[in-house]
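Undergrad: Letter by letter, the chains look like this.
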Amino acid sequence: MVSLLDRVTLEKMRLRALPRLAVCDRQALVRRVRELSPGLPESDTAISNIKGERNQAQGHLAKLNPAKYGSTRNHLDGAVTRLSPFIRHGVMNVTELRDQALEQSDAKSAEKFIQQLAWREYWQRLYQEYPQRIWQDVEPYKTGFAPGDYQDELPIDIAEGRTGVACLDGFIHELLTTGYLHNHARLYLAGYICHWRRVKWQAGAAWFLTHLLDGDPASNNLSWQWAASTFSHKPYYFNLDNVAKFSGDNVDTRIETNQALAGTYEALYARLFPKLEPKS
Amino acid sequence: MSVIWVHEDAITLDHPIFQLAGPDAQPIFIWDTQEHDRRRYSLKRRVFIYECAHDLDIPIYAGNSAEILSTIADGDSIFAAGSPDPDIRQVLADLRENQKVITVDAPRLAQIPPNTDTRRFFRFWNRARKSALTPSFETLMNTTQGS
Chain A
5 MVSLLDRVTL
15 EKMRLRALPR
25 LAVCDRQALV
35 RRVRELSPGL
45 PESDTAISNI
55 KGERNQAQGH
65 LAKLNPAKYG
75 STRNHLDGAV
85 TRLSPFIRHG
95 VMNVTELRDQ
105 ALEQSDAKSA
115 EKFIQQLAWR
125 EYWQRLYQEY
135 PQRIWQDVEP
145 YKTGFAPGDY
155 QDELPIDIAE
165 GRTGVACLDG
175 FIHELLTTGY
185 LHNHARLYLA
195 GYICHWRRVK
205 WQAGAAWFLT
215 HLLDGDPASN
225 NLSWQWAAST
235 FSHKPYYFNL
245 DNVAKFSGDN
255 VDTRIETNQA
265 LAGTYEALYA
275 RLFPKLEPKS
Chain B
-12 MSVIWVHEDA
-2 ITLDHPIFQL
8 AGPDAQPIFI
18 WDTQEHDRRR
28 YSLKRRVFIY
38 ECAHDLDIPI
48 YAGNSAEILS
58 TIADGDSIFA
68 AGSPDPDIRQ
78 VLADLRENQK
88 VITVDAPRLA
98 QIPPNTDTRR
108 FFRFWNRARK
118 SALTPSFETL
128 MNTTQGS
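Note that the protein sequences, when read in sequence, are chains A and B.
For the first sequence, the working numbering gives the first residue as 5, with consecutive numbering after it.
For the second sequence, the working numbering gives the first residue as -12, with consecutive numbering after it.
Hints are computed from structural coordinates only; laboratory data are not their basis.
Do not rely on the hints blindly, as some may be mistaken.
No farther apart than 25 Å at their CA atoms in a straight line, the calculated lysine-lysine pairs in the DSS-like style are these [claimed, not checked]:
#1 LYS72/A with LYS117/B
#2 LYS112/A with LYS117/B
#3 LYS116/A with LYS238/A
#4 LYS112/A with LYS72/A
#5 LYS238/A with LYS279/A
#6 LYS116/A with LYS67/A
#7 LYS249/A with LYS238/A
#8 LYS146/A with LYS238/A
#9 LYS116/A with LYS117/B
Make a model of the complete structure from these sequences and hints.
TA: Structure (structure tokens):
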């Protein structure tokens, strides 16, 4: 509640909108954001190549190919839309994207794309219904470990992309510099952080929210819980063969530079989850 | 003056709240540095958000959201897109104590029956699939015909 005294003070401030910047002057806009954010560390200098302009989003939407999306979306160089930052901030609504997809394709061909839009709506519904679940374990871990077995803080080598696992360091570099990551790369990082390094999913989720332009507490945190196993039946893990299968030529998937991820699923399962029954 | 709060979950002028608020309501965006600091947004996130707001060509104010909304509305109505974000909801709930606050949700992708089991996505999807795969204009026609 605003008291009368507060009211008078506010009126004395003679509230004024910020002066409008010239369109297309990105440097001036960055300076403005810096001036408005004195608490940001000096070392935080990265600006994404993704611009927050609706015509950029419309450009991505014009390239939408729902059928190709459905068949290639799990590949890091697949036909994904890169519209998620615009959806996150409501610049575009999911119904607009659905309608565009159905104009271009029949429902069957567009289904995978629309199902991914439905994931967002699902997370949003849960967020509204159970806001407390966003930072708390929805269910117990199914890893054989208790929450107390996981570190609270994100290790510095992860935060800085110096894990020594080449493909993951590449993904971290991309996250820190562009504010965007393919969904599969997000899963690899989440699986690594939760299960290889045994760090609480909350630490990874908070880190993603700092950097991802599409960082949304519902989609992000509940996806982390899915990978951690606190909102799924089993933990998400992967091996180097899987990264190689879904990566393009730009990702370093050599065994000698990614040893922590190398091995069969059975061997990794035994190593990461020693308290669980061995996988047959 | 009635105000439309264009908050960070709906940085758009294409939302049903605008029809409800009418042409005389003033849309504004509020740059709340303390909120961004609390959320630990990096510079690139802040730049992206500012760009989205700047792109709309509406006034951008810097400061506390509740104070600015209350001052500009000055007793008139405050309109806002619905959001599941607890912080946005709290700002609106606090304002509601002294002013008329109206929210409208964006159109949903899917219509699901009440009490649908949402403990896992595919249980939700099985109930949502049919309406999610139906274009908006067909849903609208069915709604109109049924009313």
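Undergrad: Against each hint, give a clear statement of whether it holds in the structure.
TA: Do the hints match the structure? See the list:
With a C-alpha separation of about 22 Å, the suggested pairing of LYS72/A with LYS117/B holds against the 25 Å cut-off. Our distance criterion of 25 Å between C-alpha atoms is met by LYS112/A and LYS117/B, whose separation comes to about 11 Å. The suggested pairing of LYS116/A with LYS238/A holds, with an alpha-carbon distance near 23 Å, which does not exceed 25 Å. Taken as a hint, the LYS112/A and LYS72/A pair is honoured in the structure, with Cα atoms around 12 Å apart against an allowance of 25 Å.
In summary, the hint linking LYS238/A to LYS279/A is supported, as the alpha carbons are separated by about 14 Å, within the 25 Å threshold. For the proposed pair LYS116/A and LYS67/A, the alpha carbon gap of about 16 Å is at most 25 Å, so the pair holds. A hinted pair counts as satisfied when its Cα atoms are at most 25 Å apart, and LYS249/A with LYS238/A qualifies at roughly 22 Å. Distance hint between LYS146/A and LYS238/A is fulfilled; the C-alpha atoms sit about 6 Å from each other, no more than 25 Å.
Our distance criterion of 25 Å between C-alpha atoms is met by LYS116/A and LYS117/B, whose separation comes to about 13 Å.
Checked against the numbered hints listed earlier, the structure breaks none of them; every hint is satisfied.
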